[in-house]
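Hey, can you piece these two chains together into the complex? The hints should help.
Protein chains in written order, with the working numbering: chain D, 1453 to 1756; chain Y, 63 to 524.
Rather than coming from a laboratory, the hints here were simulated on the basis of the structure. Note that the structure is predicted; figures quoted are calculated from it, not measured. A portion of the hints provided could be inaccurate.
Calculated pairs, BS3-like style, for lysine-lysine (alpha carbon to alpha carbon, straight line, at most 30 Å) [stated by the list, open to error]:
hint : chain 1 : residue 1 : chain 2 : residue 2
1    : Y       : 408       : D       : 1470
2    : Y       : 511       : Y       : 479
3    : Y       : 479       : Y       : 458
4    : D       : 1508      : D       : 1455
5    : Y       : 408       : D       : 1455
6    : Y       : 408       : Y       : 72
This is what each chain is made of:
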Amino acid sequence: MSKARENILGRVRRALEKRWPPELPGEPWRPEAQEGALELFVTNMRAGGAEVELFKSVAAAGRWLAGWAEQFSAAAVSPLLPAALRPPLPAAPPEEAPLGVSRALAAVAETGSVLLTSAEGRRLQLLPPAHLVFVDEADVHRHLAGVLEKHREELPSALALHSGPSRSADIGQIMVQGVHGPGRLVVAVVRGLNRADRSASPKKRGRAVRSASALRERLPALQGRTLKTKRGEPFVVVRVTENTVRVRVASSGKEYTVRLASLEKAAALLASGGEIPGPVAYRRLVANEAPAYAWAILHELGLV
Amino acid sequence: MASGYKAAAKRALVERPEVRSAVTKATLHFDGNRARAYGEIDAEAWRDWAAGVKRHLLGRLDRYLEEAEAGLRAHGAVVHWAENAADVQEILRALVADYGVSRVVKGKSMLSEEVEVNPLLESLGVEVFETDLGEYIIQLAGEPPSHIVGPAIHKGLEEIRALFHEKLGTPADAEPTELAAAARRVLRDAFLSAEMGISGANFVVAETGTVVLVENEGNIRLTTSAPRVHVALVGIEKLLPRFGDLEVFLQLLARAATGQKIGTFVSLINGPRREGEPDGPEHLHVIFVDNGRSSVLADDEMYEALSCIRCGACLNACPVYRQTGGHAYGQVYSGPIGVVLTPGLKDPGLAAELGYACSLCTACADVCPVRIPLPGQILAWRRRSVERGLVSGGEKLAFNGYAAMVTRPRFYRLGSKLLRLGKGLTGAPWLPVLGAWAAGHGPLEPSPKSFREIWEEELAGE
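So here's chain Y without its partners, still in its complex pose (with noise of 0.2 Å):
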């Protein structure tokens, strides 16, 4: 794991540095927004009300995915499964040779991140475009995602100026607008010729078979609605339900992403074009995704995070994020919520390097919208990487040294002394562990007393 995220966040701090301004200016925009749109509402009152929801979804999983299976179907959708990466690519690569795709629109889904569904349809001929501003951005740049929401926010405005200047040659001091208009120029034509469109999905109401996107662009809408067909990749905790818990979710969903009340465009979709409908997609294909969610879902410390309605709040509010973006992780989901998903998803071994991208400052805990206990997550996959043994020699005896220290009331004395004696020297960048420290903060400044030696003068006193 040298090349894992200690090595990674290192790189993006040193050699990106605008990445690193990018990425803090546009997290504390999202995060002001949200504090902002929590405060106009009682937001404890529909996290405890949302967190209850996903909650019991959770543990009937079996029941409403039955029940959303049969709703879809009776809409006409077929439905398919996956149990991993690999079937998803089968049953795309059937539907790519059935219907004759040679060109594909994308909603934004980190789920066809999660399964690489661009590289596959890509291997197969099929010309393949993001449609989301971000994603479309960085689909011209080459690389994966590095936020939930904001694909593109490591991006500033000089860097995508000359990205488009050199693919789509608009010229290099274009204003934003002006760039914007270029983009929907390529995908107006690309969402009027594609054969197909591929979406994730938000939710899926159980009770009624409904797929619920959501988005500020139109592009999901447009995505779905103009292709003949429409894919729909769905992770199989995504389910709600009621149709009326839409009335909360998708509220509590843009408050917590942007801040907004809802997105602008928030798509219901109850199977293909009906009869007398003017227009809309003859086929729906909706694919529920596990993908490693069903071992997640066995792990009595981890189910939770399985309530996530990937609104990025985590991400934003997360001081570690906010330095390195999402890049520096290497995985599809960054922040706490790609910590504690991730192991869970993929490998626990992940957990050993991914687990350390936190203060456990607890800022994830109090904006999450459906409650996930982020930190105690994190520190459970912390504990698991120390019991496997996965954990660096150095740095396990350097805290059973410290724990042996101050567990120890003459050691501890003896440490502290130690320290005020050897005031002028904690600056000193030589000093292991406390150089490297001192550099980001200045020395320590030990308090002349210690607090025993106080407490024992007050008692002297009286």
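Looking at chain D on its own, in the form it has when it is part of the complex (with noise of 0.2 Å):
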């Protein structure tokens, strides 16, 4: 279709040769604050037909979780979501869940939006009749431009803005929810969330080291080795020293260095009950080094 490609240019061109276009605009104009960002977020997410709950703690949120997740047999929770806010619910397909549960990147005021993102999956935010979205006090922004600006640089697959449950008036003009996604959406909002997401209980943390350490001696053996990435490219680790893992891909012949700090933060995270379901989540939650590699690594290791 390459001649279709080279036809439409050539077109727009020709049509396009005496016109002068004017210059883009700058910035546009902005609603000024009239209330804080949080207090505004809450209102429009309410109009919009959602339930906001806040919480001033990650252990506050888990303590409502463990209460109100009563009213469902089983849910679809996003692998993002620390331990703390995984409802003591069994895990079912977002097929068959009665709820989905989603950690939202960020969330905008001026719209009454979270932002999801499809690296903790899409079906869970879909599919279930409820949908129960967790997003950090500290990622609410007053306008859209904010969080389009923070996100534009690392974007995943998909992003989603939800601002409500689903909804048609196709039927008469009366408003019905519902109709395809989650007739239900509950925002929590919780100070503190993004910190839980990395730091674990002192406890823990002993046992964090301790499969840091494993992961030191363990390394050494892969040396040589050929591994598969998930999406199965087969790739060989060159070199283990002490600070670094090298791997070469075997297609392309191209090297990537992965630091072992990162590799143990890792380490530490999962030893936490947090999960790295695949090389997106390892890029979000620990670093974006050859991520693809990197979780490989983890993989080989029975760590993930």
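Below is the structure:
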């Protein structure tokens, strides 16, 4: 179809030959602050039909969750959530679960929206009839602009803004909820959630250190081995030094370095009850150093 | 063109009076919400800004298309180019064969109507499910959409009840929630079993190669997430230069369309599923479609219409659309934007009829979020139709006569005098032109004295 491409671009260029385009406008007008971002977020999110809960700590949110979750029989839960915010319910696939639980990247006050990432899976955001979304209070932005700017550089395969339950007025202009997506959206704003992602309790930290030292002992055995990434791409562990692991991609011959410190951080995270289901989560939670290969190494060692 | 707009509009008004009441109700509702939502913000500032971004984009469209293509490819999407409907169909035929597709779920896309995707897929033996509730309703009824945003607004609750009762076996007096639940059951199964999802695109960001989709039901998110292949049909004018431009466009689109702050679900798609992601489509194909857009771009009087973000605000504001609904136009795009775009995209000859689906009230220009000069463009199509001799002889004669009269003082004076003398006659139904007008408005009531007479009396008094 490259002929179609050249024809279309050719016609567009001819059409524009004699036209001088106006300058691209700069910053647009933005509404002025009348209340705090959090207050505005709560107002707008509720106006959009969502329920909003506010918590001063992860522990408080966890206590609320333990009781609130009782109305459901099972849940599909985001792998990005810390252990403290995983509901005490049996796991179910999103197709069957009555509840999906997400970890939002951010929230927008002016539109009343939460920003979700495909890194945690999309089905759990859409298929269960009820959707619970956790977001850190510090990630509530006043303007959509701030959220877009923050996430522009590192985009997962899909970001989504959810601003209320699924709805339609296509039947005689009468509003109906839960048409395809969740009919109930509950947003829990939690202070200190981002810290809970990374830190663990002192007791667990002891275990994490043991696990990290085990990592250091077991890595040299991988030298010279051929491993596969989650996608099935083969690579060779070329060299394991005191601080780094060097890998070479079999197909392209390109080499990458994974820092041992990052692998240890991942091991600590796993030991504290966190999950790293794949390279995207690795990049988000640990480091953006060759995440596909780093994750494959963790996988080979049986840590993920 | 005897079977064209005028005949269809007449049929719509006479044979289906319930359409008029359903459409009027829905459009007034939408337009009221839009007016309130514009009032909450500095709508003038955002409209100026959005119009500026789109005009800039259209002025450098070639460059932005190349940038978007590169961005999409970098994310692992496959980019196709289609000059016309036949190209799109060929691409889809190949994709259906390559991926062994037997079921397709579709998100609402006007472009897919334009290039006739459903008939093609059905001819290939593929089962097609429109998943937007409104689109699903009209698919069941075997009708085309009648509004850009609310495809089934011409149908009232009673009609939809009867349709669902017949096709899905719901009770004859089912409540809207029951009807929606019945559709949800059928479509949920389709989402989970379809191999391919087809969507349109509200925007494609050139800077990041992001396909942006806006909706309220969640069906588009499912269409683009559940099947293993996602195909997005994108008109070449749908681009935005910068990721940050979405800030205003997402909010302005929602406010103009339905009065919401933002669409309930916004998808920002950057390629197929990545390593480590639990789900999502394995393949993303983006088809850039021209289908007449490059000729509209070359038209100095019409190209600004390519700024359109398909919010439907001009339809809701239009007193002509409010009476007949979209089907009378007989085209994919109806209302003021349809009148302007259709002749440019398809055939300039269509302007001879469509150009007159307008009272020149200019309400559309007052609401358009990207400031498309629709009334001027509609007038330009009328002028072109006259120049091309596409207007009927009688009409030409009448207007030439009228022009001759009002531009000559003596004839004008005579004419106005006759009107006053024959005052009792102006309501007579047998009078040509005036009779038809009076039937809807009551008889003309001319002033007892002409302005000229009053003027002269006033001067004499001084």
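>> Tell me the numbers of any earlier hints that the structure contravenes, in ascending order.
In response: Violated hint (a single one): 4; every other hint is consistent with the structure.
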